[in-house]
Amino acid sequence: MRPSRPRATRLLRGYRPLRPGPDSFDQRADRSRLRSRMVALVLACLTLMTLDHHAGAHSPLEPARRAVGSVFGPVESVSGDAVRPVTAVGDWFRTRRSMQNDIASLEAQNSRLRAQNATGDYTRNQLAEFQGLTSAAGTLGRALVPAHVVAYGPAQSFSRTVTVDAGSDAGVRPDQTVLDDDGLVGRVLRVTPTTATVLLIVDTESVVGGRVGTDMNVGFLRGQGGLGDHGTLDLELVDQSDAPTKGDTIVTWGSHGGAPYVSGVPIGRVTAVYASLRESTQRAVIQPFVDFGALDLVGIVVPSGTSSDRGVIEADGTLQ
Amino acid sequence: MGVAGGLVLVALVLQVAVFPHLTWEGIVPNFCLLVVVASALVRGPAFAATLGFFAGLLLDLAPPADHVAGRWALALVVVGYVAGLMRQDTRPTATTVIVTVAAASFIGTSVYALSGVVLGDAVAGSGDLVRIVLVSLLWDVLLTPLVLPGVMRLFTRLEPASA
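Chains as they are written, first to last, in numbering that gives the first Met the number 0: chain W, 0 to 319; chain H, 0 to 162.
None of these hints come from the bench; they were simulated from the model.
One should not assume that every hint holds.
What the hints assert, rightly or not - Derived, one-sided and incomplete: chain H residues facing chain W with beta-carbon distance under 10 Å:
1) H20
2) A68
3) R70
4) Y80
5) V134
Claimed, not checked - Each pair of labels, with its calculated beta carbon distance range:
6) D88/H <-> S35/W: 18 to 28 Å
7) R34/W <-> P19/H: 31 to 41 Å
8) T92/H <-> R96/W: 53 to 63 Å
9) S35/W <-> V117/H: 18 to 28 Å
10) T22/H <-> D315/W: 50 to 60 Å
Backbone N, C-alpha and C fix where the C-beta goes; we use that ideal spot for every residue, glycine too.
Chain H on its own, in the form it takes in the complex (with noise of 0.2 Å):
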């Protein structure tokens, strides 16, 4: 747990502090999104949802974050379980990795937006909702061979399940 704990920090340091500067209209890529997807892609549904509920956690209270705490933390688990059904015990396929980056950046972004409609949180239009949900889909995926398999690698090394 300590590795997944390590990187969840880094990431979410990356994505909080070091991206902004480096951003297209305020929209940054999702990193923890992306540890997530990496960790059910190696250790499957319940470590990922586990990981996922914590670093959507840590999401929603790190500053400058002001939305309802949870929201972050909902979507992460929804990521985590989705993701982890695609795990194999094989290595999975380059397609493979990328469709799953994809659907699960579609799928977390989504239900973050629908827990803010729920909830009356601070939601943008519907026609910035597409632009957001899509242009964070493709830096998502953009970034995918960049970070993903050096964090499966990780995943795969330092923190094998225990048989």
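The shape of chain W in the complex, shown without the other chains (with noise of 0.2 Å):
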């Protein structure tokens, strides 16, 4: 019987035919077990895919797929870490002085944020307590000295005073308006190089120019002398025909030249109006916005970009 040649190898030159045995395949019947044992394989093999594509992760080759791994897994990792130094034959070239400077540039870096991280506490506090201060700033639209007030003047010397701590060296002079984010406070009497005397509007020698805020009346606003409830201001309008309505709010008219009282900033409510017997006029009581036995954080008002020993806050709020 003449050998019939397999199709395939009819592409390659000077063909011969394979001698027979178990591995040639150009006998009939060498061809027909060939594509016998082709027809098995194949068909494991869609088994195989039939039984994992369906079931996702149940599969049931799941169990082969754990016991080839619990055989591979550690081959991997042996062999892992034996190419691991070789491929990291490079880092060993890296000279000692490079790893130097990365030790001083990283501990430079480690200090400067552990310092942030100390003063970051201090720094927080510090910003709660300026941003009324500098909301009041900016509603002003001047800039601000902050200040702590620090010392009252006793109220047997008939003198009300205080002494804030912002001085000379922090830009402060005499005649400058006081103020914190409730209000008018006062204006400065004197200033040392480190501290200066607040004179309080409550005092009987503080006379405030003031504009009523509903009708733009102006008048003069006078302390009484008094603490806490009693610490109340005595308006007497210019023309004194208008006579301002109880709840009206005063703000400061403003002297010449910003000194010593800027314009607009909030002083006090009418609470009362009375007709005043002796000079038939009338006269209202205000009731000033700031709370003058708990004055803490104030505010005094400098030339934009004066130079200070402190922040000083402008007025679009940031702190220079």
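With the hints in hand, could you dock these two chains into one complex?
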């Protein structure tokens, strides 16, 4: 019988028939054996694919995967460990100097961050205090030097003054307006390098030009010298005929050159209006917005851009 | 069969654990395919197809494989058969070997990708697919001179077909 050639090997030039044996595929018998083996193998593959495809995570092949994985897992980790030093050879050539530079820069960064962290809490508290003052600066459109009230003049000296801890070193000068985030506090009387004396508006010597918010009438507010709830102001309007109504807000009228009072600072609210028998004018009692018994952080209005020993809160809210 | 099994295991370890450190965009040379082609050129399609089935099965089951089991088995069965048809009783020339390996690599990766498309298993976009097929072909052809002669000699000496 003539041996029939397998179709594929006709592509090779110099084809010679294979010697009969288990590896030949020339004879018809060989080819039918080969064909049945291929069918079996391909069917096995398709069966595996079907089994594994639909089942997903609960595939019947998972135990086989686990078994093979338990054998190959250690092999893979061992060979990974063996290969890793080889791939890490490049790092060995890094010089000692470059590592020293790295250490130095990391240490510097570290200490900088540690310092930032340590002052973080203090800075946060300061920020909370300053936020009220900053909003006042923004509303007014003026630069403020922040200061704390550190001493009260005794009431038995019949003078209502306080000491603040900002002085000429902080850019404070006499005859500057002092306010807090509630309203007008007073004016600076005199300064030392580190402190300033502030005359409160409730002092009997204090006269503040004020403007009634609703009808823009102007008048003068004089302190009555009292404390707490008794610390009221007396408003005398320039135009005697117009009487202020109860509940009106009074703001500063503003002095020439902004000294001693800048304009637009809220002072207080009208609580009562009465006619003065002695002078036949209408007078009003003003309750100040500021609680003079509880003064803490105040701002002193300074010209924008003043150099100071502390941060100056500018009108746009930045700290210079 | 012992030598064949051992060679497949070594090929699998090289392919999965060692060569991933030296890849280009994750494409490793397909050592299992090279072993199957070597056995096909020495022992013929029947032996190579069976070896391809078991090698592909191992490739499907060994971690970190996550695709549907049987895809590489099918690909390597086809590769074993096609390469086995190139078998001659005399030693094949270098050209024959390289051409066989190139064709086998192309067919194997394509069958694998096509089975992925049919099954809806994870498959790359067509641009990536072409690139993967071509790069793996290049890898396999590059490694042919290093791998094939030795493996073919092993098969000839240690597992001659009993007449």
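> Which numbered hints does this structure break?
Replying inline: The structure breaks only hint 5.
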